[in-house]
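Chain by chain, the residues:
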Amino acid sequence: MSALQDRIFAARAEGRAALIAYLPVGYPDVDASIEAMVAAVEGGADIIEVGVPYSDPGMEGPVIQEAMDVAVRAGRGLPDVLPAVAAVAAAGAVPLVMSYWNPIERYGVDQFADDLAAAGGAGVITPDLIPDEAAPWLAATDRTGLDRVFLVAPSSTDARLAATVAACRGFVYAASTMGVTGTRAVVGAAAGELVARTRLVSGDLPICVGLGVSNADQAAEVASFADGVIVGSAYVRRMLEGQGAEGARALSAELAEGVRRPGVRA
Amino acid sequence: MRPEWPDATGHFGPYGGRFVPEALIAALDELTAAYEAMRVDPAFLAEFARLQRDYTGRPSPLTDVPKFAEHCGGARVLLKREDLNHTGSHKINNVLGQALLTKRIGKPRVIAETGAGQHGVATATAAALMGLSCTVYMGEEDTRRQALNVARMRLLGAEVIPVTTGSRTLKDAINEAFRDWVTNVETTNYVFGTVAGPHPFPAMVRDFQRVIGDEAREQVLERCDRLPDVVLACVGGGSNAIGIFTAFVPDNGVRLVGLEAGGDGVETGRHAATITGGDPGVLHGARSYLLQDDNGQTIESHSISAGLDYPGVGPEHSYLHDLGRAEYRPVTDAEAMEAFALLCRTEGIIPAIESAHALAGAMKVGRELGPDALLLVNLSGRGDKDVETASAWFGLGGHPAPTDADDRAVEAGRGADPGPGLDTDQQPTEGAVTSGEAVAGQDAEEQA
Chain A
1092 MSALQDRIFA ARAEGRAALI AYLPVGYPDV DASIEAMVAA VEGGADIIEV GVPYSDPGME
1152 GPVIQEAMDV AVRAGRGLPD VLPAVAAVAA AGAVPLVMSY WNPIERYGVD QFADDLAAAG
1212 GAGVITPDLI PDEAAPWLAA TDRTGLDRVF LVAPSSTDAR LAATVAACRG FVYAASTMGV
1272 TGTRAVVGAA AGELVARTRL VSGDLPICVG LGVSNADQAA EVASFADGVI VGSAYVRRML
1332 EGQGAEGARA LSAELAEGVR RPGVRA
Chain B
109 MRPEWPDATG HFGPYGGRFV PEALIAALDE LTAAYEAMRV DPAFLAEFAR LQRDYTGRPS
169 PLTDVPKFAE HCGGARVLLK REDLNHTGSH KINNVLGQAL LTKRIGKPRV IAETGAGQHG
229 VATATAAALM GLSCTVYMGE EDTRRQALNV ARMRLLGAEV IPVTTGSRTL KDAINEAFRD
289 WVTNVETTNY VFGTVAGPHP FPAMVRDFQR VIGDEAREQV LERCDRLPDV VLACVGGGSN
349 AIGIFTAFVP DNGVRLVGLE AGGDGVETGR HAATITGGDP GVLHGARSYL LQDDNGQTIE
409 SHSISAGLDY PGVGPEHSYL HDLGRAEYRP VTDAEAMEAF ALLCRTEGII PAIESAHALA
469 GAMKVGRELG PDALLLVNLS GRGDKDVETA SAWFGLGGHP APTDADDRAV EAGRGADPGP
529 GLDTDQQPTE GAVTSGEAVA GQDAEEQA
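The listed protein sequences correspond, in order, to chains A and B. Numbering-wise (this note's numbering), the first sequence opens with residue 1092 and increments by one. Numbering-wise (this note's numbering), the second sequence opens with residue 109 and increments by one.
No lab work stands behind these hints: they were computed from the structure. Model, not experiment: these values are computed from the prediction. We put the CB at the ideal spot given by N, CA and C, even for glycine. Heads up, a few of these hints could be off.
[Said to hold, decoys possible] One-sided and incomplete, this derived list gives chain B residues near chain A with beta-carbon spacing under 10 Å: (1) F127; (2) V128; (3) K279; (4) N283; (5) V290; (6) L391; (7) I407.
All chains, please: the whole structure from these sequences, using the hints.
Right, here's the structure in full:
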């Protein structure tokens, strides 16, 4: 069973897409970041992506880089996600970790899988790990039952879409555009095309779309063709602006309205 | 003979591979396929050979340096003169190959990262030659240390973007270049500067650089009628070292020694000696040794040499280390600068500070082996770009713009006094350029 897939199916049963909020642990500090995650849940997020601070986040745009840089300089890292995961679970959302690969390898792949499962984590998104390189991770997640979310991109060939989807559990992360994280004025047509191509091979596996979604209108647009809407930089921007937990709560409320707009689901 | 590694998916034993976002896999697959077709295409091989001969000036000479060798235990020392290549270092060997590949896959723009600026200058040069648009990412810290190379890149028509994230050095320039690439991959090829990064870069850059060792092996055999006992090269990412090592890897009697940047000393934690002081992990798209803390965060490296100031290393070096086929030793800033000064004064050759690490290694190894030894050292680049840093280190003349090197000179109790290895009897002649005048390029950079 997959906790992520269950939650996304529950949203689908309500005729809406799931809302997935990303916040990095440790910005502005560990406690405040956890408070913001809990507030994001209370505002309406179904799933929280708990971000792991990393020194070389190659897929992140300037907003998330700035927050991560503060957390890294304060000595924060993978061990700090475990209390965040527990807090998110207690608040009633599904906790998912987003981590670049080296922190997990350094912690110990099996040790981390055990510790995350014990803390109540549902799974992990690994943005720089492709299934081709993931044999130890596939084994550890099979052993512990953790979900594993890999990415597909507009540039993915049909063969890679099929192979990546086959390795995923929970959902597959469709990167809406070729680029790094960050808010964008419009979510491009590439997102819809990628989701349509992925649907051909994904079976029951939900498809969630990330990169560039920042407001309720965009959330509604993405919710019209995807099973979940992933929002990161827009949350982090509110944290950088000093809005704290209330900013995260308010953004969740806006986005939760977007993913529930009547008629957005076919 | 091509080494039996990496495997078809770019693995050197446990090292290498591809640890990048899925969005880049298609571009890496495209590059791999185009490169595999190109490297056996007679038309490409002829064009590449013509450029190496007529544009770069290959083959580069082999120079006996007997007076410098007196400081190497009396061993015979031969320098492979990559410093005499067009653009002043070995970097041109690789970029000409990758620029031809860029033309072959039909992309109009190249991007590159650079540390010391040598790879950036080489890429800007190849882009100008082949009519490609060029953007170079360079850590802000390095644009200050290597202002001359920033000016050279701009003269060649490249856009130089100072990177202000993280440690503002080479590792952050690589992160920014990858971010540019994933965003602009339809029009843009990433010309990677060293034998690191995701597959196919480590194997491809090795293939383009191995001409150094292929030539040197023949030259040494012809001149000395035997193989060298030891081949030495500096290792940052490790492209010049792989370039000179590869031809000798099957020669089991030849020791391969890579000299890593020891900075203030490995024991101080302020160094860039990745294999000596690091552990295996994943950085910049590949598994290899790296400098990291308990959380898996990359540790900022330190070296007087911008080109070696990198917390990672190419995966083939990690593999050669684990196999025991190559050995890696640290050389401190002070040891490298002593060797730098010695080569200047004994042989009339100003080496790049990067290459001075290899020279310092030759001094150590030569003293260990004695006068019967034959050492081959890769002089990977020339030191014009390092005049300011060296002047500050040795306290030569006035210095309007403080740099890290100044701080270190003061900390080390230098300053106005010439450092060890300088011949104090010789004074600058009247009209000689002072270090104050020599930094005009930096002023221009700051005004730009």
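Structure-based check of all given hints:
1. F127: holds (5 Å)
2. V128: holds (6 Å)
3. K279: holds (7 Å)
4. N283: Hint holds; B/N283 Cβ to chain A Cβ min 6 Å, cut 10 Å.
5. V290: holds (6 Å)
6. L391: At 6 Å from the nearest chain A Cβ, B/L391 passes the 10 Å test, so the hint holds.
7. I407: At about 8 Å, which falls below the 10 Å cut-off, the nearest Cβ of chain A leaves the hint on B/I407 intact, so it holds.
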